[in-house]
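Heads up: the protein sequence lines correspond to chains U and V, in order. In terms of my numbering, the first sequence is residues 2 to 175. In terms of my numbering, the second sequence is residues 2 to 175.
There's no promise every hint is true.
Taking lysine to aspartate or glutamate and the EDC-like style, the derived pairs with C-alpha atoms no more than 20 Å apart in a straight line are [stated by the list, open to error]: (1) U:K113 with V:E14; (2) V:K113 with U:E14; (3) U:K113 with U:E153; (4) U:K113 with V:E58; (5) V:K36 with U:E114; (6) U:K36 with V:E13; (7) U:K129 with U:E110; (8) U:K113 with U:E87; (9) U:K36 with V:E14; (10) U:K156 with V:E138; (11) V:K113 with U:E13.
No lab work stands behind these hints: they were computed from the structure. This structure is a prediction, so every number in the text was calculated from the model and none was measured.
Number of protein chains: 2
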Amino acid sequence: MDINALNVLSYEEFVNIFGNVVEKCPIITAAVWSKRPFVNLSALEAAINEFIDALPESGKEGILRCHPDLAGRDLQRGTLTQESREEQARAGLDALESAEASRVARLNEEYKERFGFPFVICARMNDKASILRQLSERCQNERAAERARGIEEVKKICRLRLYGLVLTDAPNKL
Amino acid sequence: MDINALNVLSYEEFVNIFGNVVEKCPIITAAVWSKRPFVNLSALEAAINEFIDALPESGKEGILRCHPDLAGRDLQRGTLTQESREEQARAGLDALESAEASRVARLNEEYKERFGFPFVICARMNDKASILRQLSERCQNERAAERARGIEEVKKICRLRLYGLVLTDAPNKL
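Please work from the sequences and hints to get the whole structure.
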């Protein structure tokens, strides 16, 4: 889909295609539709990031809390969004050994207990070993730093989903 | 559920129960969890309203765009959220006569074309005749006024969903 096609989408089409570039936050996609036309895909990405950055800290935490645990209950139950399922599977998180799975579950709980939001990482830019290492390390951070770090990861996930949709899948969803 | 029970919910439980008090905007529920403890239900409602009011105008439009059309495609296809389905059904919008249905469809399109967001009204505080009359009348408003009016309706819907969950259904969802 080229940028001209994107710019003439109705808000319903736009949200239908791009509504989950930020996990379970279609409000963000729906909001930036107000900013069209976009000169290119980077401009759309920038509008999303700007919207996120303008949110109060509670709103940024709200975004993080809309994310599932990595290798968590939603993966086991099959209730992940399609995007998350694919991302977690590519990183090998759907095939953890029993000891690894227990360790991840324990660290996820520790992280959530400490910060009040889940560990968010761009799974597609990391492999399993790197994800497990960072989960362990980031549990030691300060809360404000970790909130900012989580939001950075949200933006990376968003970018990959956005480019993926525009460059490959979107025509099929139209 | 009393307020003390509400205040000790984890963010996951909180979002699971209250995530759709603003239609398809779990980020709002997830954000206000940061503001607990709440002295009472009004304080929770106020925190939600405050979050909404602090959004940029594009964000308020984003909330409206997350709402389905009244008596629209989602109702016909069975893809409404449970909350919307019940609200639309109570107002009789699931049993329109053919001429009424055509008129509503035409006015919904006219409204969306004019404003770039859907007509939002608290169906539980109106009957079918009143909804159809207001849909027709509100098509004539100015955009800014109509955006503000839509957000007022979002808050009424939110209040009724919130009180409904706390006073009746929530224990079953826990």
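Now the hints, each set against the structure:
1. U:K113 with V:E14: Holds: K113 of chain U and E14 of chain V sit about 13 Å apart, inside 20 Å.
2. V:K113 with U:E14: With Cα atoms ~13 Å apart, K113 of chain V and E14 of chain U stay inside 20 Å; holds.
3. U:K113 with U:E153: 18 Å, holds
4. U:K113 with V:E58: 32 Å, violated
5. V:K36 with U:E114: Roughly 16 Å separates the two Cα atoms, so the pair holds.
6. U:K36 with V:E13: Violated, at roughly 32 Å.
7. U:K129 with U:E110: Holds. K129 of chain U to E110 of chain U sits at ~18 Å (cutoff 20 Å).
8. U:K113 with U:E87: Outside the cut-off at roughly 23 Å; violated.
9. U:K36 with V:E14: 34 Å, violated
10. U:K156 with V:E138: 41 Å, violated
11. V:K113 with U:E13: Judged against 20 Å, a Cα distance of about 10 Å means the pair holds.
Hint compliance for this structure: hints 4, 6, 8, 9, 10 are not met, and every other hint is.
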